[in-house]
Amino acid sequence: MLDKFFNPRSVAIIGATPKEGKVGRVLVENFIRRFKGKIYPVNPGYDEILGLKCYRSVKEIPDEVDLAVIAIPAPKVPQVMHEIGEKGIKAVIIISGGFRETGTEEGARLEDEVKKISKEYGIRVIGPNCIGIYDNWSGVDTYFLPDNKMMRPPRGYISFISQSGAFASALLDWMAYHKIGVSRAISYGNKIDVDDIDLLEFLGEDDKTKVIFMYLEGLKKGRGRLFIKKAREIARKKPIVIYKAGKTERGGLAAASHTAALAGNYQLYVAAIRQAGLIEAKSFDEIMDLSKVLLTQPLMKGRKVYVVTDAGGVGVMLTDALASEGFILPRTPPDLKEELRKHLPPHCIVENPIDLTGDTDDERYILVLEKLLPREDVDATVVVALPQVPGIKGKVAEYLIEAKEKYKKPLISVLIGSVEAEKFKNVLENNGIPVFESPERAAKALAALYRYSKFRGVAKD
Amino acid sequence: MEPREIIRRALEEGRSKLLEHEAYELVGSYNIPVPKAYLAKTPEEAGKLAEKIGYPIVLKIVSPDISHKSDVGGVILDLNSKEEVVEAAKKIFDNVSKKAPNARIAGVLVQEMVPYGLEVIVGGLRDGIFGSVVMFGIGGIFVELLRDVSFRIAPISEEEALEMINEIKASKLLEGYRGQPPIDKKALAKIIVNVGELLEENPEIQSIDLNPIMAYSSGAKVADARIIIKTK
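Chains P and Y, in that order, are what the protein sequence lines are. Going from the first sequence to our numbering is simple: count from 1 and add 4. Going from the second sequence to our numbering is simple: count from 1 and add 26.
Chain Y with its partners taken away, still in its complex shape:
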């Protein structure tokens, strides 16, 4: 689907948040590496899709009404066979129907499990004064605690994106800490540049969190995406 189409449909349905597979699709269309992921309506379908993707697999509940998926038992990691996937999908539907009985359920996301790397965040925001703003920082669940982030106003050049990466206090972590190989900063810089472009070309987007992005010594991949759009 075209990026415009994804946003248009969400707006039509009065949703201010893109579903996770929609967010991946949108982000992926801007040359940002995202995991293979498909939406399954039933446990059986989930099993079939898992075969298509390969293992290990992560399952996540997809609902416009649930923003903290793990809190309702809506995420199961590291599934290694079709049987495991089917079982896990059943369990997720069951968990969610108990813990969030009123939530609308779109299905379950069958996603390639992104290998662990250094967790970083690239975020985007629309600001009244500056327009499209992009953020970079150390990611994961401690983002708001550490507040170790840097910003630039889009459009952002690759050089500026590298500056953003080097500007955070923990930038040494990316240089290869304790014998780890250094992180591929260029791959991260490209994501930053592309998030800027994504914001510039889609004015309906209010904010984006790509958190975490797993960063490796070669390349990087988004492991979770959240996109908020403006509903009128």
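For reference, chain P alone in the conformation it holds in the complex:
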């Protein structure tokens, strides 16, 4: 239903302009740079913009138009919406601000009028007062921030829906810088029509989206129950990570009952998040930590985690962090212990965490992991390979990448250090093994994978 927003064959840009620094100019540049379909700039003041023929009105465009993007002052939007309706365009992104968000009567009136017109013609609307869509596959890009200010991320399979446009663009820029792939990123502003639920449904069906992230401040009135229902359906197919902003209590309400006094806005969202099977990211760090683990790792069957390390201290830190997230670090079973004892030098510790110590080399890791990973009683493994150790030359990274494919079990890594650690990290992350500097963050991300595995019925206990 929302396909015309994401995969249009043609787009009209209303408010297109050649003037440097204007939103209408950036929009045209974006589409020229990335969009493969036809582009029709619309502005009565120009015959041509950046080499494209410019039209006085959408009605003058000779072909069919799938999507219209509006970036003109709010008072002029209703008139243009009528023209869009008459032209038969069914999808509109209204970038322009100046509506209900201004808190003025005039703004609210304009918004209601636009809503009414859109219903009249059956036009679906994203916005107004929004940054719209960044689609890495079709090249639809209404983020009106020029490339030199906001980097565009590589293609990937994380999509996100953000109630804040500024956060959406900052996140996109950040993901680009960290080379994290993005599929589609949407911010819907005042959401007079298309809202979180519609977008979730679209991304739920989208085979280019494997993990959905949502930044949510609040749902529309009366939409809570449908949100839970739809989100739960989608969460059974793919993970949805959610960050709920506005966690502090709604103050000043004289509550008539204990229940009313305790039912803060955030508490109700927490309940809804649980019931819908969503995964809550509680901090900015968690947003990407959780997303990258959920994107790259298979589901977990249980909570038994093994740690293989060359640094005793980091092994202990991880043990604490994993245990406080509810994981079990079993004692190494006798048969495995005996096997490891046979092959490892006597100063290595074969108890979980298995400590290969500072004189380890790549081969020692490979030997241990090759015995550990195939075992039924191992649900996930965290590998700590601090690269300051001279014996580590890189073969263990190659092995981990192969082992991930071969054994199809969660496998993540903790690396702490400088340039060498960074190199090592890039190799692993480019091949679907998430790397963390912080043992605590690694444990939290793995815990999210476990919770989701439980929701999906893969983890039983």
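For the record, the hints were derived by calculation from the structure and aren't laboratory data. Remember, predicted model here, so these are calculated numbers, not experimental data. Take the hints with a grain of salt, since some may be wrong.
Once the Cα atoms are required to be at most 27 Å apart in a straight line, the calculated DSSO-like pairs of lysine-lysine come out as [unchecked claim]:
| # | chain 1 | residue 1 | chain 2 | residue 2 |
| --- | --- | --- | --- | --- |
| 1 | Y | 198 | P | 458 |
| 2 | Y | 216 | P | 458 |
| 3 | P | 248 | Y | 195 |
| 4 | Y | 198 | P | 464 |
Pairwise CB distance ranges (calculated) [claimed, not checked]:
| # | chain 1 | residue 1 | chain 2 | residue 2 | range |
| --- | --- | --- | --- | --- | --- |
| 5 | P | 286 | Y | 188 | 20 to 28 Å |
| 6 | P | 224 | Y | 227 | 18 to 26 Å |
| 7 | P | 287 | Y | 91 | 45 to 53 Å |
| 8 | P | 174 | Y | 196 | 35 to 43 Å |
| 9 | Y | 91 | P | 222 | 51 to 59 Å |
| 10 | P | 222 | Y | 166 | 29 to 37 Å |
Here a beta-carbon is modelled for each residue, glycine too, at the ideal position from N, C-alpha and C.
Starting from the known structure of chain P, arrange chain Y on it as the hints suggest.
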């Protein structure tokens, strides 16, 4: 009386809060265990009703204008004979006429005294975004201090209700603390599910506090109920 009828009458009388016996009746009609309780207009009537219920008895003042009953001397516990009940009812009417002279008095509630158990709260609320919401937590007078509660959006399955119970920080208290037998979580889960249903079927209800509910190793019983409805 039918649940709808109770709410309708309160609305007609412009009351936003159900009287306690009305609240019991409404809650009881959703298979939630409530104490036997009847409204008496006079001390003598209270004595007769007490005989019918059995002892021990609790008396509570019933007034649409009084929300903190103990503050006005409107609650007397643990009465064990007809004479005691009559005397206590007189005392309550007397206390209230001194401490809250302008309050309208519906009578005195003669209620079976609910045996002590672990005090929990099940609450309900109507929210603009999510609709019917149910809360569970450790009850009693420290509810708002401890804030150890969990929520779900109705309709709630029994499984989800059990999750709510296990989710609070003090859930270990329910497992049988210091040699106590474990609490009947299933009985509590049923109350949670039914409060969800009660909210769903009666949109006039704005909030419910069943606090405390006495929870036992087998079963549970509401010991106090407060229901707020929407007056137009």
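Earlier hints that do not hold, by number
9
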